[in-house]
Amino acid sequence: MNRRRFVNLFLGGSLLGTLGSFLYPVIRYLIPPRQAEALAKKFMAAKVGELAPNSAKLFRFGSSPALLINTSEGTLLGFTAVCTHLTCTVHYESDTATIYCPCHNGRFDLSGNVISGPPPRPLEEYNVEVVGNDIYVSKKA
Amino acid sequence: MSAFFKNMLSYLNPRFRLSALAEFAKKKKIPEHKHSFWYYFGGLCLFLFGIQVLTGILLLLYYTPSVDAAHESVLYIMSQVKFGWLIRSVHSWTANILIGAIFVHMFSTFFLKAYRPPRDLTWVSGFFLLILFLAFGFSGYLLPWNELSFFATRVGTDIAGTIPLIGNAVKTFILGGPEVSGATLGRFFWLHVAVLPAFALLVLGVHVFLVQILGLSKPIGITDSKEISFFPNFVLKDALGWLLVLTAIGVICVFSPWEVGQKADPFAPTPVGIKPEWYFTFLFTTLKLVPAHIFSVEGEVLAILSFMLGGLLWLLVSYLDRRAGREMKSPVFSFVGFVIVLYIVVLTALTYLVPRI
Amino acid sequence: MEERTSVLMQESMTKNPAKIFFFALGLTLLLAFPLSVHGQKNSCLECHRELDEESLRAPVEGFAADIHRQFGLSCQDCHGGNPLQDDVGLAKDKSFKGTPQRAKIPEFCGSCHADSEYMKRFNPNIRVDQLQLYWTSKHGELLRKGDAHVAVCTDCHGFHGIQAANFPKSSTFAWNIPQTCGRCHSNADEMKVYGIPTNQVDDYKQSVHAHALYEQKDLSAPVCNDCHGNHGASPPEVTSIAFVCRKCHPSAGDLFSQSPHKAAFDGLGISECEACHGNHKILPPTDEMLASGRSDVCGQCHDAGTLPYDTGLKMKQQFVGYVASLQSANDLLDRAEKRGVEVSGPKFKLQEASTTLILVRNLTHELSLSEIEEKIDEGKKVIGEVKASGEAALKEAKFRKTGLVVATVFIFLLALALYLKIRELQSKPAS
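So the protein lines, in turn, are chains A, B and C. If you read the first sequence in the working numbering, its first letter stands for residue 1, the second for the next number, and so on. If you read the second sequence in the working numbering, its first letter stands for residue 1, the second for the next number, and so on. If you read the third sequence in the working numbering, its first letter stands for residue 1, the second for the next number, and so on.
Just chain A, same shape as in the assembly (with noise of 0.2 Å):
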């Protein structure tokens, strides 16, 4: 093999090498990732059917925890689950039909109104939307 083949080859080679390293980010890239895409305003909270009247559930909504909860009467409502006091995450009570927070006992009604403890402000409703099967809940306007 003479200089100038092998200056030929190493110079096809490395640049085989190089679009290489290139492409199979790019390959990679471009097969959908796991999750299909990317969360939205609307966050999908659960499954038609998933909860049981009179019963909650903690998701996650953006960056912070919201709860979405099926009232005895069957309706879905949707808060915010970060306490307006000092940010710990609230819970559904079942047997009060409240929201309490159990770090300083907070407690918020269904409207988010708080009935009594150290929460300063009331808890932001959600909107919540049946889509199919799927319950969505959003940002109010």
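FYI, nobody ran anything at the bench for these hints, they're computed from the structure. Fair warning: this is a prediction, and the values are worked out from it, not measured in the lab. Mixed in with the good hints, there may be bad ones.
[Stated by the list, open to error] Pairs of lysine to any residue residues, derived as SDA-like cross-links and limited to a Cα-Cα distance of at most 25 Å, are as follows: (1) C:Lys338 with B:Ile249; (2) B:Lys275 with B:Thr348; (3) C:Lys398 with A:Pro25; (4) C:Lys41 with C:Asn125; (5) B:Lys237 with B:Ser256; (6) A:Lys140 with B:Gly186; (7) C:Lys375 with A:Val82.
Go by the hints and put chains B and C onto chain A.
Showing chains B and C alone in chain A's frame:
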């Protein structure tokens, strides 16, 4: 292997008149002298633009230009999509590097007086490319819809609004309304991925074509007649430079990925020390430093008009610099250019070193 | 029309100078009279404003900001007298009350503030039981017995510059209250007679409540009157302390009531919350308050080696372990983030584990080790998941660096190849 290439070439040649192209390429020569280093920056800008188009197209696959989803889609690209962090970081970093390279390219052609006729149209088209790419930078910056970009856009368009007579109309047109909103995001997206690329390709086509047929300008007073052939020598050296820059971009992106930031909240107060991207800071800081009133005219308005006048003069420098047109040294223009560079550098530095101006 | 009038006026003026004079006089009187009425002549203020004696001039300056003034009241409404009279003797008429005696001040203020018919006019919702409550307080009790040294209305509310309690400059605004009470209660000379300690305000200032109030500007944090009452101020009795704390800390109180401590404390007559947390100097509770900790409270009653003490010990161990686990998960995520990997998802999940910590610490009041262990295990599971994500993120960071090295190697090889090719082409004659 080489037989395969030979066969392919003989198939394409009669169909694309490749041999004519090859002849031209073989004949094209590049002057080689002590300032030849600066010749590479034009090609570098082209290369970086190519990277932007490629990474931009890839980002388009997962990005959503709506207020509810823009930030989330960028977060998604950075965290869920394989190598999304790389594609996005390359795009954001290269945008800044490209604009830096454009400035270097522009000032090097200025100081080497490459704008003198018959290359005046190359200079003019280059000026428009500068405007287009600054618009690319400004419009692209808003798309992630984070706090910094939202407020930087607001500050920038506020400045546009102070242009006398047409300011408010211009601002409303740019924003798609009275203030930065979802309409602005849609509009900037439209500009960034459709309008500006179309115009850029057009003007770039003209610019590159002119460079190719006119050849590279030799600075005044250079008597060296040494030349190298464009293809393959210059092209290979060009490619070497491109590879080095590419490596640098790769290193930057791995060790300092572009941040996602906090989602923009239009109702939040403007963060302290908000400023536009670095390439606009010299304009921004000038406006901050200018006194409120100069001879009963609003200082800001006067400053903006001065910048616009300056831009106009810059555009027309090919025609203003008569001495250069006659192949004579024109130190006055070089001096003015030096002052402008100093001004930009000092004001940009001031913005970051003395934030509480 | 205008022209005609002015022409007529001009004519009449020039024709009759006397008319001008009387017109001018009438105008002056006409203007002067409403001015004096709208200016509300107040000889008290006018006179006292000019006096040299500081103490007699102060009321005028202070009254400008007084809340009574905003309701249209003035000097005579409290002190009597006739403000329309310039002459001092006439001003101090039959109705003049002057400065009330200290011992009479509660009744003095109460003459309006305890009269609901009167107060309704100004504020239909204002309370009128302050005087009644005052008599139930320690201050009122002692005043009735003849001690005029105790606090009366003006000692806390001021006089001539009284502001509503929700105004930040008021002496009864939340963060001014410790200072107001402290004027007497931190004064060793004043309190010597009663044998009351004077360290309460100083202790309070070190407490977590004071921190919330002064540093975090949380106006819902308790000050003196929130636990002691304001008009009916008295130290809460041993049995009452727990109720006072439970007003804001009901969950801790409920848990405590379910614990074996409740019966024990009641039986021994020990005040519930105070025994471990103190009263004024309530510091932020820490895991160190448990058995063998630096601020061990269990050891006050339980000897080392006994079952209760060992339970406390086990709880502390659980907490310390959990806190360390939480911290290491946080550090892991921070390391990954510093290396440029997106970890907002795991960080969000870690919040859950942090909430568990707050919950579990509160559970100490119930003294149920099994419940605490159960909750901690749940939290540990979450931390485990977060740590797995964190490790994956670190792996990703490493993968990125490796990928960069690989790509860079190829690029350098290509650059080298290009360089060799350029050299080769340059060695050949230019074609």
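request  = Provide an ascending list of the numbers of those earlier hints which the structure does not satisfy.
outcome  = 4 and 5
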